[in-house]
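K.L.:
Below are the chains, spelled out letter by letter.
There are 2 protein chains.
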Amino acid sequence: MILKIAVDVMSGDHGIKNNIDGCIQAVNEFGVSLILVGKENEINTELNKYNYDKKLIEIINAQDVITNEDKAGMSIRKKKESSMVKALYLVKEDIAQGVISSGNTGALLSGATLIVGRIKGIKRPALAPIIPTEKDGAVLIDAGANVDSKAKYLQQFGIMGSIYAEKVLKKNNPKVGLANIGEEATKGNLLVREAFPLLEEAPINFIGSIEIRDVFLGDTNVIVCDGFVGNTILKVGEGLAKTIFKTLKMELLKSFKSKIGAFLLKDSFRSLKAHLDYTEYGGAPFLGVNGCVIKAHGSSDAKAIKNAIRQAKDYLENEVTKEIGKAIREIEEAK
Amino acid sequence: MILKIAVDVMSGDHGIKNNIDGCIQAVNEFGVSLILVGKENEINTELNKYNYDKKLIEIINAQDVITNEDKAGMSIRKKKESSMVKALYLVKEDIAQGVISSGNTGALLSGATLIVGRIKGIKRPALAPIIPTEKDGAVLIDAGANVDSKAKYLQQFGIMGSIYAEKVLKKNNPKVGLANIGEEATKGNLLVREAFPLLEEAPINFIGSIEIRDVFLGDTNVIVCDGFVGNTILKVGEGLAKTIFKTLKMELLKSFKSKIGAFLLKDSFRSLKAHLDYTEYGGAPFLGVNGCVIKAHGSSDAKAIKNAIRQAKDYLENEVTKEIGKAIREIEEAK
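First to last, the protein sequences are chains A and B. Residue numbers for the first sequence follow this note's numbering, so the first one is 1 and each next one is one higher. Residue numbers for the second sequence follow this note's numbering, so the first one is 1 and each next one is one higher.
Just so you know, the hints here were simulated from the structure itself, not pulled from any lab data. Check each hint, because a few of them may be wrong.
Identical chains blur together in the list; that is why a pair holds if it fits in one copy or across any two.
[As the list claims (entries may be wrong)] Straight line, CA to CA, 30 Å or less: simulated BS3-like cross-link-like pairs of lysine-lysine: (1) 187 x 150; (2) 273 x 254; (3) 71 x 175; (4) 246 x 326; (5) 135 x 254; (6) 135 x 249; (7) 242 x 49.
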């Protein structure tokens, strides 16, 4: 069977041209089969600009678009003709096995749960982006899909994150840590205290609490947390990195000497920025749904779209959905 | 009445020499009255090195020390002869009005609550450091004292943070925001949803939710959150800033060109580091206890100790404790 990946080409900040550029790069580099979902005439206009293997790209026409201003759940139910909804239905009907969208996150999460559905036994699917660290990236799960989690959800996040890190990121026996705060309250809050023994029981390499200040060292491969905390980690990271670069830029423009220094360091700064750039790490899979659903960053450029497609390919070839289902079944049956 | 500030000179990573250096600087610059609490002979040896107004420094002998390895609550009860416990008793007995320690945070928070006690009507005291932003610093409350907060606590955090920002940071009508996560769940978690109307009721300039990614822009003067989330914000900030500087350093050593660039930018980097340095902003007051209790950063150098003393002086001169008590009484009576 040929695995197909549906791409919501109407989504994201950079529009259809950018997205199709990324799709063509992916087709030509990885030989993947794609289904582009969006306004057919616009897609064709773009595709005509490129050389590629025509067998590898299909088009599904969708005249409507879900925007970032749309309400998450409502738009999924009302905008049946939107590219996002149509792309999700392709996965539900097994016409495509994976879907990528850089659109409205809330809508994509609702849509994936409502249309594609959960893996049997999974309480709550979770968003699992990769955050940059000093070493490799680390999987952060949940990054914001569930803002009032129960301990049992966190146990499943640990299992799903571990499988993803092993299968897609190729980490051998990935280290899973529970995000916790420092010396002020070593034992953590109620949720963390309840989740701890459940993660110890799980068939994963659970290494215990990881202090949040150490998340960026990169020694832990999977960081488990409630969605509110995970989103906080993600957003503080994004916000602070921006602030640091802005402040640095102001410093660099202060004097003639600093301007020359800045000129000489152009490559270093670019390299640092790339290292910290979330888009370099592809998108965030929504783990626990019954198929491969990847949320690409809203600001994804063509390269980021290409990376998200490669990620979906790795996800599908390594049967992550099936592996998650198996692990959850085993832990339930062991009881 | 002369206001006196007790300093736990045995605390912190840099030891007694460093702390007394900071105390002398504060005495000579601000004319404050200090009570140094610690090993008397060691204190005297240090003091003999300096010129200062002898009337402004008293010594209270304390032979024991609470370390970072000590358990918080236990050490307060057992180590009666420690510098931290003795310093806190000085405030309880109104011999000193404020206390500064850069020691074990958990012990200081427990000790402050147990020994100094809460302001009448305050449910939970909260730790309120200032975090660096693109503009000024912002007050983050609670940064880790309470890891399972109720909505009512968050209302009080907003009131206390607002008074502190107005009286000590000299913000006119400070803007108070409730830390919330982005588009993935606009309404936030249960706690945030419950706290929102209570903060609207409070006699403060509540501006609604603030997205965590925007915290570092500095448009909001007071960021209200549960201690687990607040500690996460603080620790992600610390950890990421370290990672960025470490990665940048590696980039700068990569080539001859980058080394020259780095040399030319030495001042710029130093200035950026200073901007992001928490110790520049003094310590974190523990708001809601019945006196001025300030937790200085463990790595406080002499200048940071001096800044924490100035902060205590501003706190006391502006009667922050009394103002908090008044505001809490008013909101309770209004019901």
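K.L.:
Each hint needs a verdict: does it hold in this structure or not?
P.N.:
Hints versus structure:
1. For the homomeric pair residue 187 and residue 150, the shortest alpha-carbon distances inside one copy (17 Å) and between copies (18 Å) are both at most 30 Å.
2. In this homomeric assembly, residue 273 and residue 254 come within 30 Å of each other (Cα to Cα) both inside a single copy, at 21 Å, and across copies, at 16 Å.
3. Taking CA atoms no more than 30 Å apart as the test, residue 71 paired with residue 175 passes between copies only; the shortest distance there is 28 Å, against 37 Å inside one copy.
4. Taking the shortest Cα distances, residue 246 and residue 326 never come within 30 Å of each other, neither inside one copy (47 Å) nor across copies (41 Å).
5. Taking identical chains as interchangeable, the C-alpha atoms of residue 135 and residue 254 lie at most 30 Å apart only when they sit on different chains, with a minimum of 17 Å there against 33 Å within one chain.
6. Taking the shortest alpha-carbon separations for residue 135 and residue 249, both the intra-copy value of 26 Å and the inter-copy value of 15 Å come in at or below 30 Å.
7. Proximity of residue 242 and residue 49 under a CA criterion of 30 Å is satisfied in neither setting, with 35 Å inside one chain copy and 45 Å between copies.
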